[in-house]
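Asker: Each chain, letter by letter, is given below.
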Amino acid sequence: MHSYRVNHLKQLESEAIFILRETAAQFQRPALLFSGGKDSIVMAWLARKAFWPARLPFPLLHVDTGHNFPETIEFRDKFVDFLRADLVVAHVQDSIDKGRVQEEKGPYASRNALQTVTLLDAIADNQYDACLGGGRRDEEKARAKERFFSHRDDFGQWDPKNQRPELWNIFNGRKHHGEHFRVVPLSNWTEMDIWQYVKAEGIDLPNLYFSHERDVFLRSGSLLAVSECVTVQPHEIVERKVVRFRTIGDATCTGAVESPAATLDEVIQEVATARQTERGTRSDDKRSETAMEDRKREGYF
Amino acid sequence: MSDQSHDGYLDMDLLRFTTAGSVDDGKSTLIGRLLYDSKNTFEDQMEAVERSSKQRGDEHVNLALLTDGLRAEREQGITIDVAYRYFATPKRKFIIADTPGHIQYTRNMVTGASTANLAIILVDARHGVIEQTCRHAFIADLLRIRHVVIAVNKMDLVEYSEEVFNKIVSHFQEFASRLDNIVDMTAIPISALNGDNVVEKSVNMPWYHGPDLLYHLENVYIGSDHNHVDARLPVQWVIRPHSDEHHDFRGYAGRVAGGVFKPGDEVVVQPSGFSSRIRSIESADGPLEEAYAPLSVALTLEDNIDIGRGDMIVKPNNMPNKGQEIEAMICWFSDRKTLQNRGRFHLRHTTNEVKAVVTEVRYKININTLHKIEDDLEFRLNDIGRISLRTSAPLMYDGYRRNRTTGSFILIDEQTNETVAAGMIL
Chain A
1 MHSYRVNHLK QLESEAIFIL RETAAQFQRP ALLFSGGKDS IVMAWLARKA FWPARLPFPL
61 LHVDTGHNFP ETIEFRDKFV DFLRADLVVA HVQDSIDKGR VQEEKGPYAS RNALQTVTLL
121 DAIADNQYDA CLGGGRRDEE KARAKERFFS HRDDFGQWDP KNQRPELWNI FNGRKHHGEH
181 FRVVPLSNWT EMDIWQYVKA EGIDLPNLYF SHERDVFLRS GSLLAVSECV TVQPHEIVER
241 KVVRFRTIGD ATCTGAVESP AATLDEVIQE VATARQTERG TRSDDKRSET AMEDRKREGY
301 F
Chain B
1 MSDQSHDGYL DMDLLRFTTA GSVDDGKSTL IGRLLYDSKN TFEDQMEAVE RSSKQRGDEH
61 VNLALLTDGL RAEREQGITI DVAYRYFATP KRKFIIADTP GHIQYTRNMV TGASTANLAI
121 ILVDARHGVI EQTCRHAFIA DLLRIRHVVI AVNKMDLVEY SEEVFNKIVS HFQEFASRLD
181 NIVDMTAIPI SALNGDNVVE KSVNMPWYHG PDLLYHLENV YIGSDHNHVD ARLPVQWVIR
241 PHSDEHHDFR GYAGRVAGGV FKPGDEVVVQ PSGFSSRIRS IESADGPLEE AYAPLSVALT
301 LEDNIDIGRG DMIVKPNNMP NKGQEIEAMI CWFSDRKTLQ NRGRFHLRHT TNEVKAVVTE
361 VRYKININTL HKIEDDLEFR LNDIGRISLR TSAPLMYDGY RRNRTTGSFI LIDEQTNETV
421 AAGMIL
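Taken in sequence, the protein lines are chains A and B.
Heads up: the first sequence runs through residues 1 to 301, numbered per the working numbering.
Heads up: the second sequence runs through residues 1 to 426, numbered per the working numbering.
Bound-form chain A, shown alone (with noise of 0.2 Å):
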């Protein structure tokens, strides 16, 4: 007898290339997000699955705080080659020089907070209507409740009490001008779910997440890595670790773990055993208990 078993990741890829295909099917002008991070990867790669053997029917969009890893910014262009996609960069120094928005002062200085307008003028002057997004549930409490297809109103804003309900796998896209929608298709995977479809899938990863040495010193429980973007204050120790990254964002917020899981087997390994989670070493999400939350209402991702 033929067994139409379908494994969890099979499950997870079919149901992220339906989102992926009803979001260029319902939306005029989409964009997929892409920050260089693993999840906006797998987002990609999906994206190349769900339209292969035409190329994607969106362009990949990065919002660059212009404080990232060299490392990022070189993987970024060598995968935009490989998806033959269209990339548009939005930079966050361009909407200081507008004043557009105000740079925190201080050594603490993050430009975290102010991705959120440049992603916002971003989707303004390119009309863009969808955002496809590689957040997922499992991250932060307050993802746990986005829907695949998140509703913005005309102020990018998101409001958790006024969410449509999702049922089955029927998806309204439907909106008034100057509206426009997040779509998240990796909703329903973990960070296991992603290392696992990497291991797979056989995808090329940049090689921060991997075990290696480098300059690091201790901020607020995270471990930050030593740039030209972050002032080590004079209390601050630098110490040369062995280190990866679990999540690839703003190099001033973005800590280190120590760890000397080098290949994708140690990493799964190390995932599956960890006692923290990926956004523990964030300190974006730290600054209040309800910090992701009040960031997604503004418009944050």
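It is worth saying that the hints were derived from the structure and are not from the lab.
There is no bait here: all hints are sound.
Taking lysine to any residue pairs in the SDA-like style, the calculated list, with each CA pair at most 25 Å apart, reads: (1) Lys262(B) with Gln11(A); (2) Lys262(B) with Ser272(B); (3) Lys199(A) with Glu258(A); (4) Lys10(A) with Ile222(B); (5) Lys175(A) with Lys355(B); (6) Lys315(B) with Pro271(B).
Starting from the known structure of chain A, fit chain B onto it as the hints suggest.
Answerer: Below, chain B without anything else, positioned relative to chain A:
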């Protein structure tokens, strides 16, 4: 968890379940317990929960706080929306649709149930089967959840009494005998607070010989939940590369909603009725030998016929129903508008969208007694009942009981674009 990262771990089953219970049934505590005891919580999460528990003045670490996400919920101590939770054991990955149980949130329960294979219905051992229990069971049945677990919670507060448990189970069975989509009902006595029969068998209830909850979730057979009989592919998108290499390529992309498709199979495209054969089933990883639910695929056909989004590819000896007069059960979701006779909506069904008008409101159901209500035919928030619709173009559909994908639809308000109802075709 050290041995789980081998290749076998790349190949797990996926079980989606929903949890329903009344406000104080301990549902959040149960989910917290499942996550905590199966070692799916993290130190920083637990530290945050311990901190919050202390601030609130709770006597012990309040596991319910693991699942209460939004600020309003933390302030009011209730769950206001469907929240999705994830955990895994070496055997299965689980997706929990955590839905609040109070009466005003029927719509969330319906939403959570629409994608679930299994429902856990919580009953407080002190109160037994109450109206809300019946409502939860009715919704599970209406949404065609085949597997139901009655988790009789707070057994520690009734001295772990076998008699209390048996009475609740027989009371529930009496009610459930009127529901016919539920094929498998399992009752488990638990204490979410103390962990009895959640992840490990309880030493306090030696009279209970069934499985603990996690064991049941890991082993319940869900293989037959998809329809592999009636071939249905709602076309989502047409892939046309316009490249030299794939000059004439036309891939009809979609997620298989039922049955099995193979290269060489004769197919019919609805509603046009044109027929052709499958040339290939394409994917970025190379051609596939077959496609079945719930895989997302792209078919190419032997003949060049006009096919677009909203069409459905089926097989000639097994056609879906095709028509503009639809009979359905609906659940009404809007708190701002009501549904009445002659109401007009956008109707979304598979990948198709048409206009629809309500031609008759037949009855509403009192979901506590299952009695029909025929003297008040205006649907308000959370009302469930039967209506007739006429659509602006034919739908290709199956009964919801036969196929959850081709038998379901949503209604969208023409002015606000809000999703105002979920429908299940009879």
